[in-house]
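*Asks:* Just so you know, we're using my numbering here: the sequence shown kicks off at 109 and counts up by one.
It should be emphasised that the hints constitute simulated quantities derived from the structure, not laboratory data.
Glycine included, every Cβ here is placed at the ideal spot set by N, Cα and C.
It is possible that part of the hints are untrue.
As the list claims (entries may be wrong) - Each pair of labels, with its calculated beta carbon distance range:
(1) E481 x T197: 50 to 60 Å
(2) T426 x A353: 25 to 35 Å
(3) M143 x S509: 45 to 55 Å
(4) T248 x P144: 32 to 42 Å
(5) G441 x A240: 22 to 32 Å
(6) R190 x K352: 40 to 50 Å
To be verified - In silico lysine-lysine, DSS-like type, Cα no more than 25 Å apart, as pairs:
(7) K259 x K242
(8) K258 x K271
(9) K329 x K242
(10) K271 x K185
(11) K273 x K298
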Amino acid sequence: MKHSLLYGLAVSSLLLFSCSKEEMPDYGNEANEPMPLTLENVTLKDFDAENPSRASYNQDAATVFVQNDKLGLILLKEDNTRKSHISFTYNANENKWTQDGNAEYLSGDVKKIIAYFPYNETLANDVNSVEALKNAISLTEDQSSLEDFKKNDLLISEITAPKRKLEITLSHAFSLIQFKSSELDFKGYKYNAELEDFQIVSGDKAYTPCNLNGTYSLLMKEGEKIPANNFRYFYTLGGNAYVKALTSELTMVSGKKYTFLCEIKGTFTPQPAPGDFYCTNASNEVVIFPGAATSLPEGLTCHGIVFHYLDDFSSFCTTNGIDNADNKYPGYGDDSDKKHGLVIGFSAGGSFYDGTEPDAATITGIYKTAGIEESSYKAQDVMNGYKLTQAMINGTKTGWSFTGLNGYTENQLVGSTTWYAPSFQELKHLVWGSGMSNSSQNGLNMIINQVAKAGKDWGTKQNITSLTIGDKFIIAMTEIANGGNANDTWSATLANEPFRPICAF
109 MKHSLLYGLA VSSLLLFSCS KEEMPDYGNE ANEPMPLTLE NVTLKDFDAE NPSRASYNQD
169 AATVFVQNDK LGLILLKEDN TRKSHISFTY NANENKWTQD GNAEYLSGDV KKIIAYFPYN
229 ETLANDVNSV EALKNAISLT EDQSSLEDFK KNDLLISEIT APKRKLEITL SHAFSLIQFK
289 SSELDFKGYK YNAELEDFQI VSGDKAYTPC NLNGTYSLLM KEGEKIPANN FRYFYTLGGN
349 AYVKALTSEL TMVSGKKYTF LCEIKGTFTP QPAPGDFYCT NASNEVVIFP GAATSLPEGL
409 TCHGIVFHYL DDFSSFCTTN GIDNADNKYP GYGDDSDKKH GLVIGFSAGG SFYDGTEPDA
469 ATITGIYKTA GIEESSYKAQ DVMNGYKLTQ AMINGTKTGW SFTGLNGYTE NQLVGSTTWY
529 APSFQELKHL VWGSGMSNSS QNGLNMIINQ VAKAGKDWGT KQNITSLTIG DKFIIAMTEI
589 ANGGNANDTW SATLANEPFR PICAF
């Protein structure tokens, strides 16, 4: 289950079929051949907003099914004893649920079915009611793990007149408390900012909520009480610290969502930082939107994530042979303080080559023909990916082609250079982060988080190739945390390692 946007909230009714004999399976065709249970449709009912004046519906924690999600069915007899416990697996490509294992048929002794998600293969045999399902999950004070949060967000449906073809509407079994900033303004666009150092203290308990794209979320069970004046939450933003307390007692109700707005006093002016969103507005003008936003406002189209701001754009242009004499790349921000930086796109480009695998001598020959010195194309501390990419694009190739920019060559951003493959130094900024902490993944994790905020998916390919050449090969940051160090051999795996194209503005 993915916690993102929610689709298809229509409430479905159950189709009614009859069975003439108590113990006979349900027959699905004129030939009287027994047919197994099927899930025709599964929809989700979102949390209901409680007290709209202070709690409002938003889609930050809504859910959609993803490939290979599993849903469970508990089939119960008239005395509420279990007949069977089965699972269905979701195929996202076909939007279809398929029963796992041996086919289960609906016989007349099944009087009730409890559908629940996510499926628990080790569910105890005595868990045969909605309440027992709820009690089987322990909600702890520490809910910071996204994976655990997904598992604990129990969805249930009780079907008292089960039929062979099931249409199910699942509801949230627990309550949801969310905390997000009050609305802020950036150049006329309204947004909520990601809070910092968020903590919750209730009496002698300290809660750690789950950070869902900058909105802090906590699951609580029905009937649990939040005490007045003793439930406090702490947060900071822009260097200012805040503490708030609930002034009236609140009792949790299943399926309800309570959203508390965390007030930000004064003017919050975020400074340019890695993680900012490179966007255009309806007039195709560039807007660098603060990375502190929990999501992007309407009216902006995001094209990539700024992962590094340049200290000296003039030197960068000189190193890469970029002509900026006519201020083609003006930078963005206040007139007195224009900023320049590097942007990464949302998807992977191609692998290094297509066709016959080139050898190292062929690659170095292309660089030398372009007038690039060995000290430059071997350097691991120079941001010269643009220059190396131009040489690779324009170099003579026999039996192979450079495909690292696949999907990007016709999609140039407004106000930026063309897309190019990163050098090793640029790759370090991208993967290790602005602090350049060797062998970390801070930068990559930040980018993946920002990509999710923009409603995109980074994908599964995390190994990234660089155009910088070591002694005999092109460096690839495989096994990201190891930093992609050289081993003095040409790596044939480059055929499968994608580039992540970047550009400069």
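*Asks:* For every hint, state whether the structure bears it out.
*Replies:* Hint check results:
1. E481 x T197: 50 to 60 Å: holds (56 Å)
2. T426 x A353: 25 to 35 Å: Hint violated: Cβ distance 57 Å, outside 25 to 35 Å.
3. M143 x S509: 45 to 55 Å: holds (53 Å)
4. T248 x P144: 32 to 42 Å: holds (38 Å)
5. G441 x A240: 22 to 32 Å: For G441 and A240 the Cβ distance comes to about 58 Å; the hint is violated.
6. R190 x K352: 40 to 50 Å: holds (46 Å)
7. K259 x K242: This hinted pair holds, its Cα atoms lying about 12 Å apart.
8. K258 x K271: Roughly 29 Å between the alpha carbons, so the hint for K258 and K271 is violated.
9. K329 x K242: Roughly 8 Å separates the two Cα atoms, so the pair holds.
10. K271 x K185: holds (14 Å)
11. K273 x K298: violated (46 Å)
In this structure, the hints that do not hold are numbers 2, 5, 8 and 11, in rising order.
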